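Participant: First residue of the sequence shown: 173, per the numbering used here; consecutive thereafter.
Nothing false has been slipped in among the hints.
Simulated crosslink set (DSS-like; lysine-lysine; CA at most 25 Å straight-line):
#, residue 1, residue 2
1, Lys218, Lys207
2, Lys187, Lys306
3, Lys207, Lys278
4, Lys385, Lys187
5, Lys233, Lys361
Simulated restraints on C-beta separations:
#, residue 1, residue 2, range
6, Gln286, Asn384, 31 to 41 Å
7, Gln332, Lys237, 28 to 38 Å
8, Lys237, Ser267, 22 to 32 Å
9, Arg271, Lys204, 45 to 55 Å
10, Asp336, Ala289, 35 to 45 Å
11, Arg273, Ile323, 15 to 25 Å
12, Gln332, Arg273, 14 to 24 Å
No wet-lab data here; the hints were simulated from the structure. Remember, predicted model here, so these are calculated numbers, not experimental data. Note that the Cβ used here is the ideal one computed from N, Cα and C, for glycine as well.
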Amino acid sequence: MAGLTKPPYVIKNQKSGFEIELLTSVFKRMGKAPKFVFSPAGRNSKVLSSGLADAMMTVNKQIVKDATRLTQPYVIYQNVAICLKQTQCQINQISDLARYRVAAFKQAHILLGQEYANTVSKSTLYTELVDQDKQVQLLHLRKVDVLIIDINIFGYYQRQLPQDKQNIDVSEHAIFAPNLYQLALANRKDVQLFNETLNLILRSQHYRLLINKYQLEQQVSLLRSGISVIN
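Kindly generate the complete structure, drawing on both the sequences and the hints.
Facilitator: Right, here's the structure in full:
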């Protein structure tokens with residue numbers, strides 16, 4: 173279960189993206205032929221227990237409580253707070269968000285921790301959107317002051333805008349730690365094999381080509397940090 177489109181990680185209409193291609197490589201090496209299903213319920217842990225899917229992408233222990241189903245992290249997202257420069261936002265820590273109108277991605281209040289959830293509950297306006305291209309539109313229409321979004325997803329959608337809007341200056345505020353996401357598997361027996369196979373792929377030329385293709389250099393830190401199973 174892949175959830176909805178999150179380019180450059182998951183690109184629904186092309187059935188591609190960094191995560192899709194990486195996981196396809198891992199599963200094929202495991203001797204499996206993955207079929208990706210795109211659904212708004214992609215981060216609902218019930219899809220595993222109900223038998224609707226064999227695996228869930230882009231999750232962590234905040235979403236899937238059963239740690240025995242979770243693989244080691246396979247992808248890193250870097251969320252940031254983004255404002256138009258002319259707004260002159262003063263954001264140095266999460267608590268500063270309370271002063272602004274904020275648009276975030278779906279389930280941000282769960283994935284970004286309790287301090288974030290408490291802070292945005294005090295914001296002048298707070299909304300979470302499934303379609304992240306609409307986040308970027310809201311910023312340019314000045315309907316919100318701040319976006320909470322992965323830096324690479326923002327860059328992707330920003331490049332889809334008309335040229336005059338692409339050139340508008342924005343400020344990026346790095347107030348979040350990187351988010352490491354895992355795969356949740358219905359069959360717990362597959363977790364160890366997935367981890368072993370993933371580590372082989374992470375050290376392959378194919379992985380380097382994927383990083384270059386999608387311009388996601390920060391993913392290399394998965395190798396440098398020596399991440400192993402974190403269950």
